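Undergrad: As a plain string of letters, each chain reads:
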Amino acid sequence: METHHFHFKTRRHNYPQVVCANHRVTTSKSNVNPSVLRLHNYGNPTADLAKERAVSADETKRPSTGKFGRFGGKFVPETLISCLEQLEVVFHQVLQDPEFQEELSTALNDYVGRETPLYYAERLTAHYKAQNMGRGPDIYIKREDLAHCGAHKMNNALAQAMIAKRMGLTAVVAATGAGAATGAGQHGIATAAACAKFGLSCTIFMGTADMEKQPSSVDLMNLLGAKVRPTAGSFKDATSDSIRDWTEKLGEVYYLAGTAVGPHPCPTMVREFQSVIGRETRRQAAEKWGGTPDAVVACVGSGSNALGIFHEFVRDPTVRLIGVEAAGFGLNTGKHAATLAAGEVGVYHGAMSYLLQDEEGQITCPHSVGVGMEYPGVAPELSFLKETGRMEFYSASDEEAVEAYRRVARLEGILPALEASHAFAYLEKLCPTMPDGAKIIISCSGRGEKDTETVFNYPIS
Amino acid sequence: MAIRAAATSAPTARSSSALSLPPPISSSSSYSSAQLSFGRAKSTTRPRTTVGCAISCTMTREAAAVTSTEKDDSDPALWSRPDSFGRFGKFGGKYVPETLMYALTELESAFNSVKNDPDFQASKLCISAVKAELGGILKDYVGRETPLYFAERLTDHYRRPNGEGPHIYLKREDLNHTGAHKINNAIGQVLLAKRLGKKRIIAETGAGQHGVATATVCARFGLECIIYMGAQDMERQSLNVFRMRLLGAEVRGVHSGTATLKDATSEAIRDWVTNVESTHYILGSVAGPHPYPMMVREFHKVIGEETRRQAMEKWGGKPDILVACVGGGSNAMGLFEDFVKDKDVRLIGVEAAGLGLDSGKHAATLTKGEVGVLHGAMSYLLQDDDGQIIEPHSISAGLDYPGVGPEHSFLKEKGRAEYYCVTDEEALEAFKRVSRLEGIIPALETSHALAYLEKLCPTLPDKTKVVLNCSGRGDKDVQTAIKYLKV
Numbered sequence: 001m002e003t004h005h006f007h008f009k010t011r012r013h014n015y016p017q018v019v020c021a022n023h024r025v026t027t028s029k030s031n032v033n034p035s036v037l038r039l040h041n042y043g044n045p046t047a048d049l050a051k052e053r054a055v056s057a058d059e060t061k062r063p064s065t066g067k068f069g070r071f072g073g074k075f076v077p078e079t080l081i082s083c084l085e086q087l088e089v090v091f092h093q094v095l096q097d098p099e100f101q102e103e104l105s106t107a108l109n110d111y112v113g114r115e116t117p118l119y120y121a122e123r124l125t126a127h128y129k130a131q132n133m134g135r136g137p138d139i140y141i142k143r144e145d146l147a148h149c150g151a152h153k154m155n156n157a158l159a160q161a162m163i164a165k166r167m168g169l170t171a172v173v174a175a176t177g178a179g180a181a182t183g184a185g186q187h188g189i190a191t192a193a194a195c196a197k198f199g200l201s202c203t204i205f206m207g208t209a210d211m212e213k214q215p216s217s218v219d220l221m222n223l224l225g226a227k228v229r230p231t232a233g234s235f236k237d238a239t240s241d242s243i244r245d246w247t248e249k250l251g252e253v254y255y256l257a258g259t260a261v262g263p264h265p266c267p268t269m270v271r272e273f274q275s276v277i278g279r280e281t282r283r284q285a286a287e288k289w290g291g292t293p294d295a296v297v298a299c300v301g302s303g304s305n306a307l308g309i310f311h312e313f314v315r316d317p318t319v320r321l322i323g324v325e326a327a328g329f330g331l332n333t334g335k336h337a338a339t340l341a342a343g344e345v346g347v348y349h350g351a352m353s354y355l356l357q358d359e360e361g362q363i364t365c366p367h368s369v370g371v372g373m374e375y376p377g378v379a380p381e382l383s384f385l386k387e388t389g390r391m392e393f394y395s396a397s398d399e400e401a402v403e404a405y406r407r408v409a410r411l412e413g414i415l416p417a418l419e420a421s422h423a424f425a426y427l428e429k430l431c432p433t434m435p436d437g438a439k440i441i442i443s444c445s446g447r448g449e450k451d452t453e454t455v456f457n458y459p460i461s
Numbered sequence: 462m463a464i465r466a467a468a469t470s471a472p473t474a475r476s477s478s479a480l481s482l483p484p485p486i487s488s489s490s491s492y493s494s495a496q497l498s499f500g501r502a503k504s505t506t507r508p509r510t511t512v513g514c515a516i517s518c519t520m521t522r523e524a525a526a527v528t529s530t531e532k533d534d535s536d537p538a539l540w541s542r543p544d545s546f547g548r549f550g551k552f553g554g555k556y557v558p559e560t561l562m563y564a565l566t567e568l569e570s571a572f573n574s575v576k577n578d579p580d581f582q583a584s585k586l587c588i589s590a591v592k593a594e595l596g597g598i599l600k601d602y603v604g605r606e607t608p609l610y611f612a613e614r615l616t617d618h619y620r621r622p623n624g625e626g627p628h629i630y631l632k633r634e635d636l637n638h639t640g641a642h643k644i645n646n647a648i649g650q651v652l653l654a655k656r657l658g659k660k661r662i663i664a665e666t667g668a669g670q671h672g673v674a675t676a677t678v679c680a681r682f683g684l685e686c687i688i689y690m691g692a693q694d695m696e697r698q699s700l701n702v703f704r705m706r707l708l709g710a711e712v713r714g715v716h717s718g719t720a721t722l723k724d725a726t727s728e729a730i731r732d733w734v735t736n737v738e739s740t741h742y743i744l745g746s747v748a749g750p751h752p753y754p755m756m757v758r759e760f761h762k763v764i765g766e767e768t769r770r771q772a773m774e775k776w777g778g779k780p781d782i783l784v785a786c787v788g789g790g791s792n793a794m795g796l797f798e799d800f801v802k803d804k805d806v807r808l809i810g811v812e813a814a815g816l817g818l819d820s821g822k823h824a825a826t827l828t829k830g831e832v833g834v835l836h837g838a839m840s841y842l843l844q845d846d847d848g849q850i851i852e853p854h855s856i857s858a859g860l861d862y863p864g865v866g867p868e869h870s871f872l873k874e875k876g877r878a879e880y881y882c883v884t885d886e887e888a889l890e891a892f893k894r895v896s897r898l899e900g901i902i903p904a905l906e907t908s909h910a911l912a913y914l915e916k917l918c919p920t921l922p923d924k925t926k927v928v929l930n931c932s933g934r935g936d937k938d939v940q941t942a943i944k945y946l947k948v
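Protein chains in written order, with the working numbering: chain X, 1 to 461; chain C, 462 to 948.
These aren't lab readings, by the way, just hints derived from the structure by calculation.
Some hints could be false.
[To be verified] If you want a taste of the chain X side facing chain C, the calculated C-beta under 8 Å gives, among others: (1) HIS148; (2) ALA192; (3) ALA196; (4) LYS197; (5) THR203; (6) TRP246; (7) GLY291.
[Said to hold, decoys possible] Taking lysine-lysine and the DSSO-like style, the derived pairs with C-alpha atoms no more than 30 Å apart in a straight line are: (8) C/LYS893 / X/LYS165; (9) X/LYS165 / X/LYS67; (10) C/LYS924 / X/LYS288; (11) X/LYS288 / C/LYS576; (12) C/LYS660 / X/LYS129; (13) X/LYS129 / C/LYS600; (14) C/LYS893 / X/LYS288; (15) X/LYS227 / C/LYS660; (16) C/LYS944 / X/LYS165; (17) X/LYS213 / X/LYS227.
[Claimed, not checked] Have a look at the derived ranges for each label pair, beta carbon to beta carbon: (18) C/GLU613 / X/GLU392: 38 to 48 Å; (19) C/GLY821 / X/PHE100: 24 to 34 Å; (20) X/LYS213 / C/THR566: 45 to 55 Å; (21) X/GLU102 / C/GLY778: 14 to 24 Å; (22) X/GLU392 / C/SER739: 43 to 53 Å; (23) C/SER535 / X/ARG166: 29 to 39 Å; (24) C/ARG697 / X/THR318: 34 to 44 Å; (25) C/TRP776 / X/GLU248: 43 to 53 Å; (26) C/GLU915 / X/ASP97: 49 to 59 Å; (27) C/GLU915 / X/PHE100: 28 to 38 Å; (28) X/ASP97 / C/ARG620: 43 to 53 Å; (29) C/ARG620 / X/GLU99: 35 to 45 Å.
Since this is a predicted model, take the numbers as computed values, not measurements.
The C-beta atom is built at its ideal place from N, Cα and C for all residues, glycine as well.
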């Protein structure tokens with residue numbers, strides 16, 4: 001194994017060089033043996049969830065390292081390790097606790113409004129068929145925009161708020177980012193709502209730059225009873241601050257990770273709670289056309305909505321998994337957020353994954369018109385899926401995303417969030433290549449009313 | 462009685478070409494000869510411009526007799542709601558210019574033919590794989606059925622010190638696509654319009670919610686869409702205007718009158734009169750001329766039907782009390798309709814008292830209004846001494862309507878439903894309360910119903926089941942609320 005010297009630099013200190021013996025940090029695209037997939041408890045994508053979980057619980061009775069191939073892990077200060085281990089134990093407990101599962105299921109149905117429909121987008125389908133002599137795929141939209149609070153974030157926030165209560169904690173802190181922290185505000189809003197519902201006190205860290213961009217999110221969080229604490233900078237700084245806050249108040253406060261990044265067990269937990277999306281989708285696809293989709297398309301910011309819908313289909317080789325990242329102003333401009341396309345492997349926020357860093361290992365500032373895509377890292381599990389070749393990833397620019405927003409509004413009367421619009425934008429390239437009658441499922445991860453003003457002000461070329 | 466005589470002669474007058482004025486009003490002393498007589502727009506030759514509206518507002522100095530609270534003990538299942546003339550008791554009807562009569566009749570027969578058409582029906586929508594056109598769209602596009610959610614913390618809030626109190630359930634119409642119940646009706650009407658071969662849809666809107674719902678469904682079905690909006694409202698709601706344009710609709714500003722909702726409605730009706738062959742007018746509420754009140758109610762009654770089934774699943778019974786806010790009255794009728802015949806279910810509507818009933822700045826039509834004709838139907842409405850419509854006020858745009866659906870007037874008169882009202886301030890308090898207790902931000906309209914719980918719950922015995930229609934979400938109201946609440 002090749003070793004590589006890591007050179008960590010922060011703004012003020014030079015940390016000593018650390019030799020990482022087991023990691024190759026080149027962005028090699030070698031295809032890993034698919035048997036590697038089996039190591040990671042993808043289990044049996046059937047409805048026998050309890051059995052699957054029992055198996056994985058056995059395997060992980062001792063706290064695990066949380067690796068997906070070489071990605072993931074727990075790169076955190078020692079003080080957090082025991083906390084993470086405890087969290088993992090509770091997580092496995094609740095997965096198998098029928099009372100918890102029932103309460104969660106009722107809340108998901110009655111409070112969040114699940115299951116969300118799988119909607120046949122007739123006019124969008126016709127639009128693409130018309131461009132190709134009447135032949136083209138059938139497009140179905142998984143309507144996560146109809147969930148309470150208008151995005152898929154709620155699935156996870158709800159479950160984790162319930163875990164916090166079970167652990168006897170009465171305060172929750174959430175970092176701000178595309179997810180937990182609030183870049184777009186969606187995770188902050190979902191967390192605030194879940195905390196209100198369960199009577200937990202809630203503190204959300206948000207970058208001042210983001211607060212300026214989306215002040216309405218701040219208002220919403222305040223209304224829901226949460227305290228918003230500003231951090232100089234953007235969400236990545238807010239994430240760091242919230243983790244710092246958590247470290248200070250260990251045992252009093254629950255850290256609610258909003259997306260599938262961070263140290264183990266956060267990525268696994270978030271993915272697990274979001275995977276309800278994929279399970280429903282499989283069932284709905286079977287009802288509607290008696291089969292599985294040919295392709296599943298989702299936008300990738302940090303990765304929670306993508307993992308939520310992909311996870312169920314990872315073991316179906318006939319299902320293409322397509323992630324669409326934000327190309328911002330273009331991949332070569334440096335102003336984008338396409339982590340998987342243009343990033344390198346490193347450690348960020350506690351996990352080894354692809355990330356956008358400069359030559360000195362400093363995290364670069366990503367850009368996208370879809371604020372929720374502006375995360376310079378990505379879920380370690382997605383990095384793994386990329387490296388094993390299981391997932392394809394592409395990107396869409398700001399302009400393409402805005403155009404897609406307008407197109408879907410006009411053709412279907414749905415305003416997709418600008419983040420989700422990236423996935424819709426990719427249909428322009430995907431549809432001409434798909435055979436007639438192929439089934440595409442696209443995840444509409446959120447609603448776009450929050451983005452109306454941005455689209456309004458966007459200069460039309 | 463003079464009024465009733467006039468009312469029953471209206472339909473026959475329609476078919477006869479001779480003018481048949483009602484008998485001179487001599488019985489009631491509150492009339493003077495200077496009062497304009499009760500009349501239909503057809504038989505009186507009142508020029509349009511006097512009231513600035515093709516559908517004229519007539520004045521009936523009706524004494525307080527109609528506000529009697531004597532309950533009618535007859536079986537609600539036997540009431541004609543409406544009868545063949547579109548009347549609910551004496552309310553309702555079709556007070557429209559002759560040019561529109563044909564369109565209304567055509568609409569009514571089209572609606573009746575689809576109502577019983579299994580390919581169109583909604584009511585069985587959620588039971589199994591649905592092929593019915595409307596049911597399928599409601600399920601996959603709108604996101605029905607909406608949950609009946611047990612509001613645990615809200616219930617705790619109203620629990621009395623001895624541990625007793627009602628159980629509060631929220632019917633989550635806020636989870637629908639576009640965030641309100643409005644879309645149920647918009648979808649139904651657009652499907653109907655398509656069946657009629659209409660290619661052009663028009664609608665009026667106040668704050669923009671109904672406009673957005675209409676533009677949404679027109680985009681979905683590829684129909685041309687024109688929304689009339691008061692110029693003043695357009696300024697206040699520029700984001701909604703942009704949304705409608707994004708969805709492909711044309712938004713036309715109305716500058717006449719006070720440039721608000723009622724003027725937009727009149728303009729829309731004027732357009733419809735002109736283009737009746739190609740155009741369908743999507744009215745947003747259970748107001749307007751027959752068959753609209755009935756049609757809109759039918760498209761919304763899925764709310765109550767689902768509630769009945771969900772209540773049975775959840776506690777094996779019916780709700781004891783249904784509460785809903787009332788502007789035009791569509792969400793309330795949607796929830797109430799299936800339960801009107803169940804006399805053991807209390808129906809409570811909550812209107813907007815604005816700045817207070819005595820301030821003159823409110824929209825409490827059923828509490829403070831009088832009977833007259835507005836926008837084609839006889840109902841309660843807010844009018845001044847000259848019979849001119851009073852500009853209503855409420856912090857919530859959706860309740861800001863000076864009239865109310867005729868069926869609500871009827872239910873009030875029969876004593877079947879009770880109507881109360883709540884001020885702006887109480888509504889804002891409820892807005893904040895529910896956000897903090899349940900993490901659900903309700904629309905300001907809905908907040909009126911939620912505010913009424915403060916007065917209602919202390920009077921209820923233990924374990925009473927209260928179902929409140931959470932008719933819309935409040936994201937659109939956050940800026941307004943923040944201004945007033947200084948959160």
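Undergrad: Does each hint hold? Answer for all of them.
TA: Hint check:
Interface restraint check for X/HIS148: the shortest CB-CB distance to chain C comes to about 6 Å, inside 8 Å, so the restraint holds. Because the beta carbon of X/ALA192 sits about 7 Å from the nearest beta carbon in chain C, less than 8 Å, this interface hint is met. Nearest Cβ of chain C to the Cβ of X/ALA196: about 4 Å, under the 8 Å cut. The hint holds. The beta carbon of X/LYS197 comes within 4 Å of a beta carbon in chain C, closer than 8 Å, and the hint placing it at the interface holds.
Taking 8 Å as the C-beta contact cut-off toward chain C, the hint placing X/THR203 at the interface is violated, the least distance being around 15 Å. Taking 8 Å as the C-beta cut-off, the interface hint given for X/TRP246 is violated, the closest approach to chain C being about 22 Å. Against a cut-off of 8 Å between C-beta atoms, the interface hint on X/GLY291 is violated, since the closest Cβ of chain C lies about 16 Å away. In summary, the hint linking C/LYS893 to X/LYS165 is supported, as the alpha carbons are separated by about 23 Å, within the 30 Å threshold.
Restraint check for X/LYS165 and X/LYS67: satisfied, since their Cα atoms lie roughly 28 Å apart, inside the 30 Å limit. Proposed proximity of C/LYS924 and X/LYS288 is contradicted: the alpha carbons are some 41 Å apart, above 30 Å. Proposed proximity of X/LYS288 and C/LYS576 is supported: the alpha carbons are some 26 Å apart, at most 30 Å. Restraint check for C/LYS660 and X/LYS129: satisfied, since their Cα atoms lie roughly 23 Å apart, inside the 30 Å limit.
Proposed proximity of X/LYS129 and C/LYS600 is supported: the alpha carbons are some 25 Å apart, at most 30 Å. Annotation: proposed proximity of C/LYS893 to X/LYS288 is violated, straight-line Cα distance about 41 Å (limit 30 Å). For the proposed pair X/LYS227 and C/LYS660, the alpha carbon gap of about 50 Å is over 30 Å, so the pair is violated. At most 30 Å may separate the alpha-carbon atoms for a hinted pair to count; C/LYS944 and X/LYS165 exceed this at roughly 33 Å.
Annotation: proposed proximity of X/LYS213 to X/LYS227 holds, straight-line Cα distance about 18 Å (limit 30 Å). Distance hint check for C/GLU613 and X/GLU392: the Cβ-Cβ separation is about 44 Å, which falls inside the suggested range of 38 to 48 Å. Restraint check, C/GLY821 to X/PHE100: a C-beta distance of roughly 55 Å breaks the suggested window 24 to 34 Å. At roughly 54 Å, the beta carbons of X/LYS213 and C/THR566 sit within the given window of 45 to 55 Å.
Separation of X/GLU102 from C/GLY778 is about 22 Å and conforms to the stated range, judged on CB atoms against 14 to 24 Å. One distance hint, 43 to 53 Å for the beta-carbon pair X/GLU392 and C/SER739, holds here, with the actual separation near 47 Å. For C/SER535 paired with X/ARG166, a C-beta distance near 55 Å fails the hint of 29 to 39 Å. Restraint check, C/ARG697 to X/THR318: a C-beta distance of roughly 53 Å breaks the suggested window 34 to 44 Å.
The hint said 43 to 53 Å for the Cβ distance between C/TRP776 and X/GLU248, and at roughly 46 Å that hint holds. In this structure the hint that C/GLU915 and X/ASP97 lie 49 to 59 Å apart at CB is violated, the actual value being about 37 Å. Against the hinted window of 28 to 38 Å, the Cβ-Cβ separation of C/GLU915 and X/PHE100 comes to about 34 Å, which satisfies the hint. One distance hint, 43 to 53 Å for the beta-carbon pair X/ASP97 and C/ARG620, is violated here, with the actual separation near 28 Å.
Under the hint 35 to 45 Å, the C-beta atoms of C/ARG620 and X/GLU99, about 23 Å apart, miss the expected range.
Checked against the numbered hints given earlier, this structure breaks hints 5, 6, 7, 10, 14, 15, 16, 19, 23, 24, 26, 28, 29; the rest are met.
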